[in-house]
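Asker: Build out the structure end to end from the sequences listed, making use of the hints.
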Amino acid sequence: MFEIERSANGNVHLHGRLDAAEVEKARGVFDQVAESCVIDFAGLNYISSAGLGLLFATQKRLVDAGGALTLVNLNPHIREIFQIAGFDNIFEIE
Amino acid sequence: MKASRAGFRRELGSLDGVFRFLGEFADAVGVDERTALCIDLVVEELFTNMVKYNDGGGDQIVVGLERIGDRLHIELVDNDVEPFDPAGVPDPAVAAGIADRRPGGLGLHLVRSMVDDLHYEYEPETRQMRVSVTKVLEN
Chain A
341 MFEIERSANG NVHLHGRLDA AEVEKARGVF DQVAESCVID FAGLNYISSA GLGLLFATQK
401 RLVDAGGALT LVNLNPHIRE IFQIAGFDNI FEIE
Chain B
4 MKASRAGFRR ELGSLDGVFR FLGEFADAVG VDERTALCID LVVEELFTNM VKYNDGGGDQ
64 IVVGLERIGD RLHIELVDND VEPFDPAGVP DPAVAAGIAD RRPGGLGLHL VRSMVDDLHY
124 EYEPETRQMR VSVTKVLEN
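Respectively, the protein sequence lines represent chains A and B. In this text, residue positions in the first sequence follow the working numbering: the first is 341, and each later residue adds one. In this text, residue positions in the second sequence follow the working numbering: the first is 4, and each later residue adds one.
Treat the hints as calculated values from the structure; they're not laboratory data. One or more of the hints may lead you astray.
[What the hints assert, rightly or not] Pairs of lysine-lysine, BS3-like flavour, derived with a Cα cap of 25 Å:
| id | chain 1 | residue 1 | chain 2 | residue 2 |
| --- | --- | --- | --- | --- |
| 1 | B | K55 | A | K365 |
| 2 | A | K400 | A | K365 |
| 3 | B | K138 | B | K5 |
| 4 | A | K400 | B | K55 |
Answerer: Structure, rendered in structure tokens:
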């Protein structure tokens, strides 16, 4: 089960498991992100390459436009996935 | 239960069932939560690759699991497909910054990073692909 919501301040909140079957639901929100934005991972406990690919494409688009994503509250497992993927070099992670 | 095997329809919508199957096995053989999440990721990446890239495959992809001592063996079997060796896919440039980074290749890179062995077999006569991985358990 995966849920995604955008709060009034523009932050994007992820919940549950972002796998290949759920990535289109996430894409619908990420495609609407047009400027720098915080992605809150506090409720997310699983992500695969499908979700990573969506984050990468969004970051690429924003950086080209002068913005960037900031990722916060990653759990240790997801943090490890990001390190293996080399996403430490691509995202600001707090 | 030390071994389990099940077939799943060749579609991304099967992933929920795949994860239930993996979770039940992980509980039955006693692996920790972190390892269980790694197993989910490894199987999802291999399963979705078969769904997306094995043109004209059979109706089902079979997932087999077995624990022998401190080793977990995972096998995915696909039928009526062209040969494709995942071990031959180059790693992405993970040290690159975003300007030089290209999408793609991440799933197999994650798989290779998380398992202790990745093995591929292809039978031309039956057009059957068999991808096997081994993970040494820490507990």
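Asker: Please go over all the hints and tell whether each is borne out by the structure.
Answerer: Status of the hints after comparison with the structure:
no.: 1; hint: B:K55 <-> A:K365; verdict: 18 Å, holds
no.: 2; hint: A:K400 <-> A:K365; verdict: 20 Å, holds
no.: 3; hint: B:K138 <-> B:K5; verdict: 15 Å, holds
no.: 4; hint: A:K400 <-> B:K55; verdict: 24 Å, holds
Every hint from the earlier list agrees with this structure, and none is contradicted.
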